[in-house]
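A.B. asks: The primary structure of each chain is shown beneath.
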Amino acid sequence: MSALAAAASTTSTGEAVQFWVLGTVAVIGALCTILMKKAVHSALCLAGTMIILAVFYLANGAYFLGVVQVVVYTGAIMMLFLFVVMLVGVTAADSLTETIKGQRWLAALCGLGFGILLIAGIANAKLTHFNGLGRVNSAGHVEGLAELIFTRYIFAFEITGALLITAAVGAMVLTHRERTERAATQRELAERRVREGVQLPPLPAPGVYARHNAVDIAGLLPDGTPSELTVNKTLRARGQIRDVSSEALEDLKALEQKSAERLGREEASK
Amino acid sequence: MNPVNYLYLAALLFTIGAAGVLIRKNAIVLFMCVELMLNACNLAFVAFSRMHGNLDGQIIAFFTMVVAAAEVVVGLAIIVSLFRTRHSASVDDASLMKL
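Protein chains in written order, with the working numbering: chain A, 54 to 323; chain B, 10 to 108.
Just chain A, same shape as in the assembly:
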């Protein structure tokens, strides 16, 4: 413990190397979070940044917080994000149209100005050394934290409990949906389909028989155009339909070119 406490009051070369390497990765992860098009990629980049922050907490002597960061943030909160992306994210790719003209560039400019202001403010402060946590950790790190939480911050701690219960109840109230009407039976669904008369038989199957049978390949109509109806609704919403209608023509073209080349070479050799 004493060695750890001593290490916390000075910064070793190892810590500097760790800071510059992991700090760079953290900033890249943060940038990817805001620049990636798909929400899943953003979530993964953010999880990486959070793990690196956990390492920084450990390096700064906040052992309890480092572990809590991994367990709570990357373990619970980011997984919750991924669950919601799974529920919502099918069509959640960002639209690239700007509602307010030039908003993107103005926002980037504002961010840049804010960052310069913040960093210049910190640069003006005279912060040259760490005092280290050796004194406060003398009775043990977690014991020191517990003593503070249960004495000086006991009121905030209890309020936090109330907040957590309110949040849990709030989440349930917001997402709970009472079923007000009976679910339609299969017979009623069939009758409705006949009444509407849009698509009476089952939907056509995907895949182009004898060449492809993957679910993301649209079946071809007699005139050679792909039919969107054959592909699953989720894949359609994601825009993940593979169109193979032009492949056959390209194959033929490649074959013709190859044979033309060979014939041309044979003619040249003669």
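To be clear, the hints were calculated from the coordinates, so they are not data collected in a lab.
All residues carry an ideal CB built from backbone N, CA and C; glycine is no exception.
Careful: at least some of the hints might be erroneous.
Cross-link-like lysine to aspartate or glutamate pairs, in silico, DMTMM-like; alpha carbons within 25 Å at most [what the hints assert, rightly or not]:
#1 A/K91 / B/E80
#2 A/K91 / B/D101
#3 A/K91 / B/D102
#4 A/K90 / B/D101
#5 A/K154 / B/D101
#6 B/K34 / B/E80
#7 B/K34 / B/D102
#8 A/K90 / B/D102
#9 A/K286 / A/E244
#10 A/K179 / B/D65
#11 A/K286 / B/D102
#12 A/K91 / A/D296
To spell it out: a stretch of chain A is covered by chain B in this simulated footprint if at least three of its residues, at any positions, have a beta carbon under 8 Å from a beta carbon of chain B; those stretches are [as the list claims (entries may be wrong)]:
#13 97 to 104
#14 110 to 124
#15 173 to 187
#16 231 to 244
Cβ-to-Cβ under 10 Å is the rule here; a few derived chain A residues that face chain B [said to hold, decoys possible]:
#17 A92
#18 F136
#19 V137
#20 A161
#21 L165
#22 G168
#23 T213
#24 A220
#25 M225
Using the hints, position chain B against chain A.
C.D. replies: Same frame as chain A, now just chain B:
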């Protein structure tokens, strides 16, 4: 290494998060940017705790994490219910107080 470097990193991450909130339109990504800003603040708190040699900064960071967890639960519930009514997670579509 100068301890102020940790503060620079925290400021940089906070700025990136703030810019993300302004730039992005997807409610989920927007929320992730807010989380990034909270994390940057936590890093600054932890670094300050080590600079001043007391544990109060770490306690505040701990409370920030608890509040962030509560906030995420409610916020994601709001996003899910918004998506159910509007079939879109874009914040531009949520321009009315009720459907």
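A.B. asks: All hints, please: hold or fail.
C.D. replies: Taking the hints in turn, this is what the structure says about them:
1. Restraint check: the Cα-Cα separation between A/K91 and B/E80 comes to about 23 Å, which is no more than 25 Å; the hinted pair holds.
2. Distance hint between A/K91 and B/D101 is fulfilled; the C-alpha atoms sit about 17 Å from each other, no more than 25 Å.
3. Proximity of A/K91 to B/D102 is assessed by CA-CA distance (about 18 Å); at most 25 Å being required, the pair is judged to hold.
4. Proposed proximity of A/K90 and B/D101 is supported: the alpha carbons are some 17 Å apart, at most 25 Å.
5. For the hint pairing A/K154 with B/D101, the CA-to-CA distance comes to about 14 Å; that is within 25 Å, so the pair holds.
6. Distance restraint check for B/K34 and B/E80: the Cα-Cα separation of roughly 19 Å lies within the 25 Å cut-off, and the hinted pair is therefore satisfied.
7. Taking the CA atoms of B/K34 and B/D102, the gap is near 10 Å; set against the 25 Å cutoff, the hint holds.
8. A C-alpha spacing of about 18 Å is found between A/K90 and B/D102, which places the hinted pair at or below 25 Å, so the restraint holds.
9. The straight-line distance between the Cα atoms of A/K286 and A/E244 is roughly 22 Å, inside the 25 Å bound, and the hint therefore holds.
10. Of the pairs offered as hints, the one joining A/K179 and B/D65 holds, with about 21 Å between alpha carbons and a cut-off of 25 Å not exceeded.
11. Proximity of A/K286 to B/D102 is assessed by CA-CA distance (about 22 Å); at most 25 Å being required, the pair is judged to hold.
12. Note on A/K91 and A/D296: the hinted pairing holds, with a Cα-Cα distance of about 22 Å set against a maximum of 25 Å.
13. Restraint check on the stretch 97 to 104 of chain A versus chain B: 3 residues with Cβ-Cβ distances below 8 Å, three needed, restraint holds.
14. Figure legend: the stretch 110 to 124 of chain A, annotated as covered by chain B; annotation consistent (8 residues with Cβ-Cβ distances under 8 Å, at least 3 required).
15. For the stretch 173 to 187 of chain A, the stated coverage by chain B is satisfied: 11 residues place a CB nearer than 8 Å to a CB of that chain, which reaches the threshold of 3.
16. Counting residues of the stretch 231 to 244 of chain A whose CB lies closer than 8 Å to any CB of chain B gives 0, so the stated coverage by that chain is violated, three being the minimum.
17. Because the smallest distance between the Cβ of A/A92 and any Cβ of chain B comes to about 5 Å, under 10 Å, the interface hint for this residue holds.
18. Among the interface hints, the one on A/F136 holds; its C-beta lies about 8 Å from the nearest C-beta in chain B, closer than the 10 Å criterion.
19. For A/V137, the suggested interface contact is upheld, since its CB lies about 5 Å from the closest CB of chain B, less than 10 Å.
20. Because the smallest distance between the Cβ of A/A161 and any Cβ of chain B comes to about 6 Å, under 10 Å, the interface hint for this residue holds.
21. Interface hint status for A/L165: upheld, as the beta-carbon distance to the closest one in chain B is roughly 8 Å, under 10 Å.
22. For A/G168, the shortest C-beta to C-beta distance to chain B is roughly 4 Å, which falls under 10 Å, so the interface hint holds.
23. The interface hint given for A/T213 is met, as the beta carbon of that residue sits about 5 Å from the closest beta carbon of chain B, less than 10 Å.
24. Of the supplied interface hints, the one on A/A220 holds, with its beta-carbon coming within about 4 Å of a beta-carbon of chain B, less than 10 Å.
25. Hint status for A/M225: holds, given a least beta-carbon distance of 8 Å to chain B, under 10 Å.
Of the hints listed earlier, the one the structure fails to meet is number 16.
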